[in-house]
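Asker: Use these hints to put chain B onto chain A, whose structure you have.
Taken in order, these protein sequences are the chains called A and B.
Residue 98 in numbering that gives the first Met the number 0 sits at position 99 of the first sequence, and the numbers go up by one each step.
Residue 202 in numbering that gives the first Met the number 0 sits at position 203 of the second sequence, and the numbers go up by one each step.
Since the hints were derived computationally from the structure, they do not count as laboratory data.
Be careful, since some hints might not be right.
Derived lysine-lysine pairs resembling DSSO-like cross-links, with alpha carbons at most 27 Å apart [said to hold, decoys possible]: (1) B:Lys101 to A:Lys121; (2) A:Lys116 to B:Lys116; (3) B:Lys121 to A:Lys116; (4) B:Lys274 to B:Lys103.
Each pair of labels, with its calculated beta carbon distance range [claimed, not checked]: (5) B:Pro39 to A:Arg192: 41 to 47 Å; (6) A:Met36 to B:Lys190: 37 to 43 Å; (7) A:Lys283 to B:Tyr198: 37 to 43 Å; (8) A:Arg192 to B:Gln42: 36 to 42 Å; (9) B:Arg29 to A:Thr303: 51 to 57 Å; (10) B:Gly120 to A:Asn301: 44 to 50 Å; (11) B:Ser273 to A:Gly152: 14 to 20 Å; (12) A:Asn301 to B:Met36: 48 to 54 Å; (13) A:Gly120 to B:Pro305: 54 to 60 Å; (14) A:Gly152 to B:Asn72: 53 to 59 Å; (15) B:Ser276 to A:Pro297: 43 to 49 Å.
Quick reminder that beta carbons are idealized off the backbone N, C-alpha and C, glycines included.
As a plain string of letters, each chain reads:
Protein chains: 2
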Amino acid sequence: MAGTVTVPSASVPSTPLLKDELDIVIPTIRNLDFLEMWRPFFQPYHLIIVQDGDPAKTIKVPEGFDYELYNRNDINRILGPKASCISFKDSACRCFGYMVSKKKYVFTIDDDCFVAKDPSGKDINALEQHIKNLLSPSTPFFFNTLYDPYREGADFVRGYPFSLREGAKTAVSHGLWLNIPDYDAPTQMVKPRERNTRYVDAVMTVPKGTLFPMCGMNLAFDRDLIGPAMYFGLMGDGQPIGRYDDMWAGWCMKVICDHLSLGVKTGLPYIWHSKASNPFVNLKKEYKGIFWQEDIIPFFQNATIPKECDTVQKCYLSLAEQVREKLGKIDPYFIKLADAMVTWIEAWDELNPSTAAVENGKAK
Amino acid sequence: MAGTVTVPSASVPSTPLLKDELDIVIPTIRNLDFLEMWRPFFQPYHLIIVQDGDPAKTIKVPEGFDYELYNRNDINRILGPKASCISFKDSACRCFGYMVSKKKYVFTIDDDCFVAKDPSGKDINALEQHIKNLLSPSTPFFFNTLYDPYREGADFVRGYPFSLREGAKTAVSHGLWLNIPDYDAPTQMVKPRERNTRYVDAVMTVPKGTLFPMCGMNLAFDRDLIGPAMYFGLMGDGQPIGRYDDMWAGWCMKVICDHLSLGVKTGLPYIWHSKASNPFVNLKKEYKGIFWQEDIIPFFQNATIPKECDTVQKCYLSLAEQVREKLGKIDPYFIKLADAMVTWIEAWDELNPSTAAVENGKAK
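Okay, chain A solo, but in the shape it has when bound (with noise of 0.2 Å):
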């Protein structure tokens, strides 16, 4: 079928898929012994490092991976003023390797994600289905009941338009988590021994229209199709709300994909998520979002972006604008939120010249 990606089904390929293409963005404040489980799937890939929390401390890499590491000290160095966009003490930090990674393509895991294992016991190279899920088209407008029809073995349905059969481009791919599902504190709180042991063989696009949660724990995305929506907001150090980062890139992300008709994929790769973090630290960190996000989805469910827009700068822009008008209402935050939205597109375009330039998305 047109579009299908063959890829060799061995799970280490013996020619990594876009070797030179996609770089691995690791925000952390220790050392980073979890690669060793990753190193088959991770090893020929560029590592980009985000140290977050004190600068003075070394993060110790594995041998045999090639990396960047950025710390607090070069964030401010290479931003200037424009450092205030990127979080401290939150794992929003990590976006500042969106911004400095030169690949078409970046896939981010949090450093207490290991290798999950599939049903019949093979490990999961989370990679490589990223990269499938990346590879190969979305159906965003219309819903397949047989899941991803690219994937070998399934197909559209009867009933499934044809016009629509070519589907959109793929910005994003959401992976999952099996062992310990990504909670809110109180849900955390009252299920405590919950574990996520249903392996579920799907990968699915999330329909035009229809917003959802994005973990950034497992995640991989198109930097030329959405790399500037992919703004993880301002958390941690001096800010009212923290654990909220890849949810706000997530609404923003997927507001912009319908208006540009790219698709975002969420199912398969599984990690193994290692430990629930501590639900009293994640109830403080979280509940003015538990508050807010009751405006904010609505807001991101009504807000459309103008025609003009047509490139992931521009409809981010408008964004911006909105929550400054609509969101600013609820809390003074939001009015800071807006600002850094625009200071980081300055910043992004600023290291991403060439981009700046052309046409992203649609126009692309």
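Answerer: Frame of chain A; chain B shown alone:
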């Protein structure tokens, strides 16, 4: 969790769920030997058999099943001139069974569908899974990445608004098929040997605003909530089209569910679809539909139902008028179909005087 349905885990529950509140509707032209395989699961329930084709033929039903059977003569006698809305020589005739049922729930299944096995080798009680789907809420307003949040071992993920966690009432449960997938004639022709072998262990809500191709092979619904929208249209004998009966019902039903804030689920349960229908015969039935669906789907994507329509019947009559006005321009068939949609509602209300008088759907 609120909304979780506790159901015995054995495949044959000692007390069958909803035994006196559910009818099984089967359209057929042949002896119902396929029921032997379903006996452990179906025998406690009442069957409504709609005999298509020659009414002089005798359909044999295996011993021990409780059933009523209607042939074309019965349909003509019961509905009089309104029988014109019920298709002949097409499985669309099944919707007559929905109309004469006196139960709250309907499960409909084709006579070439057998019991499938789950990955552990256990027989799947499809009916039990449909009932679980119908008795637990749906989540049409926001997407949950871990699929059905009401299922044991799952929940709403971080970033899911708390105000939406009660979900919506579930009106429809759409099950899938192992072995022969539900492909259209062109896809059958291109991939004659494709079989669906992937068991995806998930139930999900089709988001609000998203249309999907509803297949009538393995389908359950809440008659009280959505029954009058489950009209399978004019197909088969004397009509220019076939094999779009369930699609038509699915599109109408989904637009109405979205309007009334009702939920539609798809995924589990699987049945084993035993044999592919003849793709050449199918192509003849389908080819007009293949063209027309290119206009029909945008029509339904853009259809809006006036606020004052607060029953399924009112919604359906509004849709019928829109079909007449907008799709009537494509082909006179749609004028005839719009007339039949009105006749269907008249016939429904005649046979269901109590539900005709009370409010359906949202207002209930």
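Asker: Please go over all the hints and tell whether each is borne out by the structure.
Answerer: Comparing the hints with the structure gives:
1. B:Lys101 to A:Lys121: Violated - the C-alpha atoms of Lys121 of chain A and Lys101 of chain B are around 51 Å apart, more than 27 Å.
2. A:Lys116 to B:Lys116: 23 Å, holds
3. B:Lys121 to A:Lys116: Roughly 23 Å separates the two Cα atoms, so the pair holds.
4. B:Lys274 to B:Lys103: Given that 27 Å is the threshold and the Cα spacing comes to 31 Å, the pair is violated.
5. B:Pro39 to A:Arg192: 41 to 47 Å: 35 Å, violated
6. A:Met36 to B:Lys190: 37 to 43 Å: The hint (37 to 43 Å, Cβ to Cβ) holds, given that Met36 of chain A and Lys190 of chain B are roughly 39 Å apart.
7. A:Lys283 to B:Tyr198: 37 to 43 Å: 42 Å, holds
8. A:Arg192 to B:Gln42: 36 to 42 Å: At roughly 39 Å between Cβ atoms, Gln42 of chain B and Arg192 of chain A fall inside 36 to 42 Å, so the hint holds.
9. B:Arg29 to A:Thr303: 51 to 57 Å: Cβ of Arg29 of chain B to Cβ of Thr303 of chain A: about 53 Å, so the range 51 to 57 Å holds.
10. B:Gly120 to A:Asn301: 44 to 50 Å: 49 Å, holds
11. B:Ser273 to A:Gly152: 14 to 20 Å: Between Ser273 of chain B and Gly152 of chain A, where Cβ atoms are some 18 Å apart, the hint holds.
12. A:Asn301 to B:Met36: 48 to 54 Å: Given a distance of about 50 Å, which is inside 48 to 54 Å, the answer is holds.
13. A:Gly120 to B:Pro305: 54 to 60 Å: 56 Å, holds
14. A:Gly152 to B:Asn72: 53 to 59 Å: 45 Å Cβ-Cβ, so the 53 to 59 Å window is violated.
15. B:Ser276 to A:Pro297: 43 to 49 Å: Taking Cβ atoms as reference, Ser276 of chain B and Pro297 of chain A lie about 45 Å apart, which means the hint holds.
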